[in-house]
Every structure is written in C-alpha cells, then in structure tokens.
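Protein chains in written order, with this note's numbering: chain A, 51 to 364; chain B, 54 to 290.
Some hints could be false.
Calculated pairs, DSS-like style, for lysine-lysine (alpha carbon to alpha carbon, straight line, at most 30 Å) [as the list claims (entries may be wrong)]:
| hint | chain 1 | residue 1 | chain 2 | residue 2 |
| --- | --- | --- | --- | --- |
| 1 | B | K288 | A | K188 |
| 2 | B | K142 | A | K188 |
| 3 | A | K53 | B | K174 |
| 4 | A | K153 | B | K142 |
| 5 | A | K53 | A | K232 |
| 6 | A | K188 | A | K178 |
| 7 | A | K68 | B | K174 |
| 8 | A | K226 | A | K188 |
| 9 | A | K68 | A | K53 |
No wet-lab data here; the hints were simulated from the structure.
Since the structure is predicted, the reported quantities are computational estimates derived from the model, not experimental observations.
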Amino acid sequence: MIKVSDLSKNYGDVEAVKSINFEIKDGEVVGFLGENGAGKTTALKMITGYLVPTSGMVEVNDLNISDHAFEIQSQIGYLPELNPLYPEMTVYEYLEFIANLRKISGKRFRDALSSVVDKCGLQGVVHKQISSCSKGYKQRIGLAGSMIHDPKILILDEPVTGLDPNQIVEIRQLIKSLGREKLVLMSSHILQEIQATVDRIMIIHQGEIVANGTNDELMSNFRGNTLLNLEVKNATDSSLKDLPVAVPNMNVVNVEERTGRHIIQIEYGQEVDPREDLFNYAVRSGWAILKMTPTTTDLEDIFRKLTTEDKVNA
Amino acid sequence: MHNTRTIFLREIRSFFNSPMAYIFLVTFAIFNGYFFTSTFFLYNQSDLRSLFSVVPMVYLIFVPAISMGLIAREKNIGTMETIATLPLKTYEFVLGKYLAAISLILLGLVATIIHLFTLMKFGSKIDYGALLTGYIGLAFVGSMYASIGTFASSITDNQVVAFIIGVFIVLVFFLMGFFLPLVPSSFAGIIQYLSVDYHYSNISRGVIDTRNLVYFFSVIGFFLTMTVQSLEVRKWK
Chain A
51 MIKVSDLSKN YGDVEAVKSI NFEIKDGEVV GFLGENGAGK TTALKMITGY
101 LVPTSGMVEV NDLNISDHAF EIQSQIGYLP ELNPLYPEMT VYEYLEFIAN
151 LRKISGKRFR DALSSVVDKC GLQGVVHKQI SSCSKGYKQR IGLAGSMIHD
201 PKILILDEPV TGLDPNQIVE IRQLIKSLGR EKLVLMSSHI LQEIQATVDR
251 IMIIHQGEIV ANGTNDELMS NFRGNTLLNL EVKNATDSSL KDLPVAVPNM
301 NVVNVEERTG RHIIQIEYGQ EVDPREDLFN YAVRSGWAIL KMTPTTTDLE
351 DIFRKLTTED KVNA
Chain B
54 MHNTRTIFLR EIRSFFNSPM AYIFLVTFAI FNGYFFTSTF FLYNQSDLRS
104 LFSVVPMVYL IFVPAISMGL IAREKNIGTM ETIATLPLKT YEFVLGKYLA
154 AISLILLGLV ATIIHLFTLM KFGSKIDYGA LLTGYIGLAF VGSMYASIGT
204 FASSITDNQV VAFIIGVFIV LVFFLMGFFL PLVPSSFAGI IQYLSVDYHY
254 SNISRGVIDT RNLVYFFSVI GFFLTMTVQS LEVRKWK
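When you get a sec, could you build the whole thing from the sequences and use the hints?
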C-alpha cells in the first residue's frame, strides 16, 4: 500500500509537485500519466526515498518514509527513468551485485536469479555483457534488477520509453503479468501505453493530479459533447439555414461547402441523439446523405483538455 | 561492511574490466622508472631517495585520474539513483569506492619494488628501515590524495571536471610547503602543519610521529565525510 498526503517538492522557486494526494492498494496497477516535466518523476523519486519532500508525507505499508527509508527501500523495487545500468558488467554480474546489496546471496541468489530470468525472459543473455544487449533486453535487465528481491511494490519510471513497438508490447505484457501479484506504479507520457497496461490512471499536470480513476470512470466523468460530421449533397442554402430550427437538441458548429457537397459539423450532448431527426430532415429537404460520422471524446481528448487548459488560458 | 565489500569488489572489477587499471599501472611504472633510473646512477647512493621524491609528484596527476570516475561516473550514467534507492548507507558506498581507489594505488606502489632489486644488485649497506618508512609515507600520501579525488568525484557528474578539481585541491596541499617562506610567521606554523610534504618527509625520514598520523587520518576523514555529505545533500535539493 502506498499513501501519499499533501506531497510537495520545490526545486528552488519551481514547484515541481504541488500537494498531491493519492492511495494505491496492494495488487493495483496504477499509471502516472503526464507530459514531460509534469512532475511524475519527482513524485516517484520521493516515494522511493531518492528525494526528500519539501512538505507532505509518503507512507508505504504504514511506514513513513522520513523515519523508515531503509525498510521501505527494502520493500520497493524501483526502475529509474532511462534505466541506468553498468555497461561493462555482464547481466549475471549486475544482478548478483544488486542482489548482494539487498543481502541476497548463495542459494537464495540462485533461486532469485532463475525466477527473474524466467519472468523477464532473460534466458540466453545471462552471461552477455550489458553493453552488447539490445535496448529491449536492457529494459528487461533493469526490470530484473528492480525485482530480484521479489518486492511487493514495483515503481517503474517510463519503462517503455525508447523501445520499438514489438518490445513495447512485450514489456507491457510483462508489467501486466507482474501486476497480478504486485502493486505496480508506473509512469508514462504516452497515453496509449498507460491505457493498455494499467487498472487506474492518475493524470498529473504542472505538479497537480488533475484526474484519478479507471479508464471508464475518466471517460464518463469527462465525456464532453459528441461531434457529428455530416456530409450531404443537394443542400440548398435555405434548408441549411432552417436546420437548427427544424432539429432540436443540437448545434450546428460549422458548415463547409465543397464542390456541390456540404460538410456540416453538429454537436450534441450525451443524453440526446438527434441523428434520426437529422435523417428525416435531410429526406424532407431532398438532401442525399453521403456520410454521417460521430466522433465521441476519448481519453486522448480528456488528456489533452486537462493538460493544455492553462496554456489555452494563458 | 558487507555492502562496502560489494561496492569495493564491483569497482575493482570495473577497473580491471576496462583499460583503466592497466593504463594506470603501466604508465605509473614507466614514469617512476624513468625518473628513478635517470638519477639513480648519478647520485651513486644506496637508497631509493629519488624514487621517494618523484612518486608524490607523479601522484598529483595519477591519483585524481584514478578517482575521478569513482562517483562522477555513477552520477553520469544514472546508476547513482539505483544505488541511492537501495537499502545502503551512503558511507558504506563511499568507503567501498575509496578502498577500491587506494587498492589500485597501492598496487602501483608495489610494482615499484622492482627498483629495490636494482638497488640490491648494485648497492651496498642498504637501510631497509628507511625503505620501509619511505613506502609507508608514500602509502599515506596516496591514500590522502585518493580521499581528495573521491570528494572531487562526488561533486560533479563530469569526470573531467572531477579530475581538474581533484588536481587543484591536491596541488594546494602539495605546494603549501613551498610557499612557507612567503607567508607571515604567525601563519607559518599552520601552513607547515597543513602541508603534505612536511608530514611525508618526516615519515620517510623514519620518524613516524603521532602528529603525522593524525594529520593523514584527519585529512582523509575530512574529505570522506565531505563526500558523504555532498551525496546526502542532493536529496534535499
């Protein structure tokens, strides 16, 4: 369990994280979503004890990080951003080094090693030098290092950055399978990544959590109006003018003429569906409907809306 | 101690997995060998005095070069973050790094024993006690410089910068003795006590005084403590 209360961090005058609050239960897979520089990494660094908060509290399994950093660090596996590794070591040497610092050696190390090699798919590279491994393998090596002590909590900072699409799918599946037995908190600036991997999303923007919920919760909370693109032929100017009066519960946003065709953009709320009325009106007015495509708001729109608001206002 | 050992062994392995250790050992031997033999036969004396006077100067460049990467590299490649979030005390980490650096320096020193065989071959009435204290003095100077180099490596993530800072601080301690005639007499005592040459020459003359030992241990302790502090303070930035 991770509980964060009023957590803030200032770098000089810059408020990187502004009084955030959240709680993550055991077994949850939660994603921090935000643009670069939104405060994701800073928040993770405070949870792992790499940075001391300016104010606020981090509790992990009911232990406070300011008093029990060591106990907490023993229970957490952390993969820092950009996945730092020692290029000159072999995979085996690296994992042995990390394990030794976690007081795992001898038989316990051999068991832990075969377990992470298995989980992370490192068979075949164990005795290779890290510098000669591919990026996808390096990411797995980093993950293996962060879970060599079989932690109950895994914190992964941008675990798929810089990987190719196939590697992304592999790492995503790995994280999902880990999520069955561990609390996973990962960060990403890629929405699709978060959406495909986690149970719950926290959107962080300019150091504040602006949304927190499952994919569906966020969608229902933030779903805006539906936009409908209607492409018609044979529309007269007068019938177009009468459209807003004739069909209720909708607004005409834009009308565009293209060589005898009209593209009409219509907006309507969640609770109504004026499509049938539109169809009937079109028939009455002698229009030929070429296309009718509704575009509902998806998480991407929500994300864009939440994370660009200030820029728009400014 | 377990963690210090793990850090130490990793560092030693990293020295010898890269050309670093070999370049150091070979060039250190060549430099010292050249300066030693170029005057050895001119002096015509049965001692290693020329070696003992050249090694501290060779150290000025070599010790900061060995220690520049100790911590700066970890910061540069980001592994410092991995280390700092493991249940490991900062002093255990610093001590492991420092011990690795002085091990390499002592290994370089051991290689100069070859000159002792030259001396035994050509010399007579060799004072082995003086040789022993000379080597002890060199070990202390090397260890002290290594603590300065470790500190320099901890305040930047750039190895070149760490090297330059290291050379600079080491030079200050080294040159202090030479400026002694220029400073007001009221400061002279302090400057003399801080000068590394004063303590080194005492020890290599065979006078191992507690004052000299206290000097070396306190300078080493000071810079290692500063190293730990400079790493700890990062958390609060």
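Do the hints match the structure? See the list:
no.: 1; hint: B:K288 to A:K188; result: holds (27 Å)
no.: 2; hint: B:K142 to A:K188; result: holds (27 Å)
no.: 3; hint: A:K53 to B:K174; result: violated (74 Å)
no.: 4; hint: A:K153 to B:K142; result: holds (13 Å)
no.: 5; hint: A:K53 to A:K232; result: holds (16 Å)
no.: 6; hint: A:K188 to A:K178; result: holds (11 Å)
no.: 7; hint: A:K68 to B:K174; result: violated (75 Å)
no.: 8; hint: A:K226 to A:K188; result: holds (19 Å)
no.: 9; hint: A:K68 to A:K53; result: holds (16 Å)
Going down the numbered hints, you'll see the structure goes against 3, 7, while the others check out.
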